[in-house]
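All chains should be built: construct the whole structure from the sequences, respecting the hints.
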Amino acid sequence: MTLLQASAVETFYGPSQALFGVDLDVGEGEVVTLMGRNGMGKTTTIRSICGMTPARAGRIVFAGAELAGLPPHRIARLGIGLVPEGRRCFPNLTVQENLVASARPGKWTLDAVTSLFLRLGERLRQYASTLSGGEQQMLAIGRALMTNPRLLILDEATEGLAPIIRQDIWAAIRKLKADGQAILVVDKTMDEVLGVADRCVVLEKGRTVWSGGPAELTPELQDRYLGV
Amino acid sequence: MRREGLLNLVLALLLLALPFAAQMLGEPFYVTLATRMAILALAAVGLNLALGFGGLVSFGHAAFFGIGGYAAGILASHAFNAEPLLGLPGTDQMPVIWLVAALVCALVALPIGAISLRTSGVYFIMITLAFAQMVYYFAVSWPAYGGEDGLSITVRNGFPGLNTANPLSFFLVCYAVLMAALVLMWRIRDSRFGAALQAARQNDTRVAAIGIRPYHIRLAAFVISAVVTGIAGALFADLNRFVSPSMMSWQMSGELIVLIILGGTGRLFGPVAGAILYVLLEFALGGLTERWQFFLGFILLGVVLFARGGIIGVLAGKARHG
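Residue numbers (the working numbering), protein chains in the order written: chain E, 1 to 228; chain A, 1001 to 1322.
The hints are all genuine.
Only some residues are given here: those of chain E computed to face chain A with a beta carbon under 10 Å:
| # | residue |
| --- | --- |
| 1 | Gly81 |
| 2 | Glu97 |
| 3 | Asn98 |
Keep in mind that the hints were calculated from the coordinates and are not lab data. Small disclaimer: the values here were computed from a predicted structure and weren't measured. Where a beta carbon is used, it is the ideal one built from N, C-alpha and C, also for glycine.
Here it is in structure tokens:
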């Protein structure tokens, strides 16, 4: 069953158009990766889904509800949990406050999140600004999970992290997938992301140009759309 | 955190001990001084919820301070003239007055907040100032309750079981209300609501992305903040047995902000430390020169440049600000 369906989405930043027709589906329990070189519209697509830069044309439907015109907090409450690019926790709150502030009822509780990310459990009373980059990333994911989202969106979740921390985060993502969590993921580590994704959607210049299973994304296609 | 807790305890005990020491030294005037500290601290504790925790620099909280004062003055004058408002008895009792002050402040703060919170930054400062000036001129031009000359309270309003004409008893009433407000703020700060409010100060979009509408959180904080400041206003009117539009002037709004900055923005006991220092300076420097604010300006400059966490920041270390 389709959870998120975006079709022919066009988005502008002021007068300049960034998306020229993005098509994207995510089913229940499915992990979809959004791919493309820098500046092709991956983050803009996510911003449009979350209502931060609303689309001017096209349709975005989530769990049967039309997202057009809804403010970001309403979209989040429908069940979209965003882990934004660059972590972005609330640095002036403690780890616990960061998590509790976003909590909505469901299976993800403080205990569940701290057992997924043990390091957060050890640092509940610490301010988010004192965490390492990897821990902040875990906190950002934990915060999104506390809203008990039906769809988790991860924008560059492992960017700029030490390899060993990346492994922890990918392990957590695989655990979430095994749990049946629907995830839309944007990431530059090809091997990892192809290993976990059920489907890939490739953007170029603000358009969806290819979609299919990770196995069908041949080296030629990778070179054509993703190579530098 | 533990050092801040200890400091808070010391400040609370210091303020409590001051009037008793004054009484023993036979200096009843100092009791009034301590009462003034407690009341100004209470007003600033209210503002601190909006300004410190919510990052909402309201330059119009004197309006709520004054509304609370007028609630006390108007109810008392009706009771004194034996023509209680709407025929209700007990309008010279503090609990009734506080309730009325709180309700009126909430009713006024709701639309003011609802409109002002659509703006932010410097526009928010200006629009709250504009609303406060409207309330101020309304009081000035309302002759039924004294207009510009203000309104005297002939007999200080009562509190069941206490003789409020005794300065020490009245101080204890004010002190108890201050402590109750501090407990409330402490509970709010550590609640989910408090976390969301502080998160919204940090970043609107991030708060919206986790499904919280910052506007509602801020509006609730603004109204609670106005109510606490309003109750302080009612006590202030009872302390001076006089209420006038000057309680609502923009200078008063500025004074409340100065108190918070001196004490420590967004710190639980910041307003208490600020009020103690402010009243002490007002008394000590005011005895030397009529232009004592000149020196206050230097001190404020020093705090802003060299001790941005205020007194609490200097004594208890790092602020909660991220």
